[in-house]
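**Student:** Line order of the protein sequences matches chains Z and B.
So the first sequence is numbered by our numbering: it starts at 58 and just counts up by one.
So the second sequence is numbered by our numbering: it starts at 104 and just counts up by one.
Because the hints were derived from the structure by calculation, they are not lab data.
Do not take every clue at face value.
If you want the footprint, here are the derived chain Z segments under chain B, 3+ residues with CB under 8 Å [stated by the list, open to error]:
#1 68–79
#2 150–160
#3 171–184
Glycine residues also receive a C-beta, built at the ideal position from the N, C-alpha and C atoms.
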Amino acid sequence: MNKSRPTTILDTCVRLIIPFYLVYAIYVLVHGHYSPGGGFQAGVVLAVSVILVQLVQDPNPRWGLGRDAAVVFACLGTFMYAGIGLLTMAWGGNMLDYGVLPLGEVEAEVRALGTLGIEIGVTMAVMGVFVVIFNLLRGEE
Amino acid sequence: MTRKLGYLSLVLLAALFIYVSLDLPPTGDPHSPPATHVSPRYIEKAYKETGAANMVTAVLADYRGYDTLGETVVVFTAGVATLLLLEGAFKFKKR
Numbered sequence: 058m059n060k061s062r063p064t065t066i067l068d069t070c071v072r073l074i075i076p077f078y079l080v081y082a083i084y085v086l087v088h089g090h091y092s093p094g095g096g097f098q099a100g101v102v103l104a105v106s107v108i109l110v111q112l113v114q115d116p117n118p119r120w121g122l123g124r125d126a127a128v129v130f131a132c133l134g135t136f137m138y139a140g141i142g143l144l145t146m147a148w149g150g151n152m153l154d155y156g157v158l159p160l161g162e163v164e165a166e167v168r169a170l171g172t173l174g175i176e177i178g179v180t181m182a183v184m185g186v187f188v189v190i191f192n193l194l195r196g197e198e
Numbered sequence: 104m105t106r107k108l109g110y111l112s113l114v115l116l117a118a119l120f121i122y123v124s125l126d127l128p129p130t131g132d133p134h135s136p137p138a139t140h141v142s143p144r145y146i147e148k149a150y151k152e153t154g155a156a157n158m159v160t161a162v163l164a165d166y167r168g169y170d171t172l173g174e175t176v177v178v179f180t181a182g183v184a185t186l187l188l189l190e191g192a193f194k195f196k197k198r
């Protein structure tokens with residue numbers, strides 16, 4: 058990898074475009090109940106924003122997500138999904154039967170919240186895995 | 104000879120697949136087996152039961168949540184396998 062600083066144009070463009078990536082990823086995630094989208098797609102968009110920073114900035118950018126943090130995100134996301142499944146079992150339901158969680162009165166709303174929870178887990182897992190794979194394939198500097 | 108046998112088996116297999124595909128129900132047939140088993144329940148009750156207007160999300164994350172858990176674990180396993188393989192390769196090269 059060349060250690061030179063990024064050009065001003067590239068740096069500025071990335072700084073301008075990253076917030077839109079992040080907002081779009083969150084939109085895809087939370088709007089998955091009503092439109093195409095969901096955890097996997099949102100995770101990919103988030104990973105793309107991180108990879109873009111690493112491509113344009115130094116190999117070790119001052120902001121963004123490093124490899125270790127990405128591994129933590131991947132583990133946390135998968136654990137969050139499985140953990141919600143275990144929580145529903147702890148409240149006496151079947152695994153991933155969100156209706157039993159004590160989050161509200163209407164069962165459909167509780168189920169929608171549970172769905173959102175596991176989608177967040179999927180997003181974190183997919184983002185972490187993609188960033189880790191990109192980091193590894195880029196190689197050591 | 105082997106090559107000719109390979110082509111022949113390919114043609115036979117294609118003929119078999121085409122013959123079998125003639126028995127498939129037409130696209131969009133409401134009386135085909137997949138459309139009469141669980142699909143009507145998903146179509147009629149998905150929003151009422153899961154609160155997700157997008158039927159794909161309702162099936163993916165609620166009715167078939169266990170399946171999606173498996174998919175997430177597959178993605179996670181791919182990442183961990185890449186990490187173990189390539190991280191080990193770098194360390195091996197340095198020695």
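**Student:** State for each hint whether it applies.
**Tutor:** Going down the list of hints, with the structure as the test:
| no. | hint | in the structure |
| --- | --- | --- |
| 1 | 68–79 | violated (count 0) |
| 2 | 150–160 | holds (count 3) |
| 3 | 171–184 | holds (count 8) |
Violated hints amount to a single one, hint 1; each of the other numbered hints is respected by the structure.
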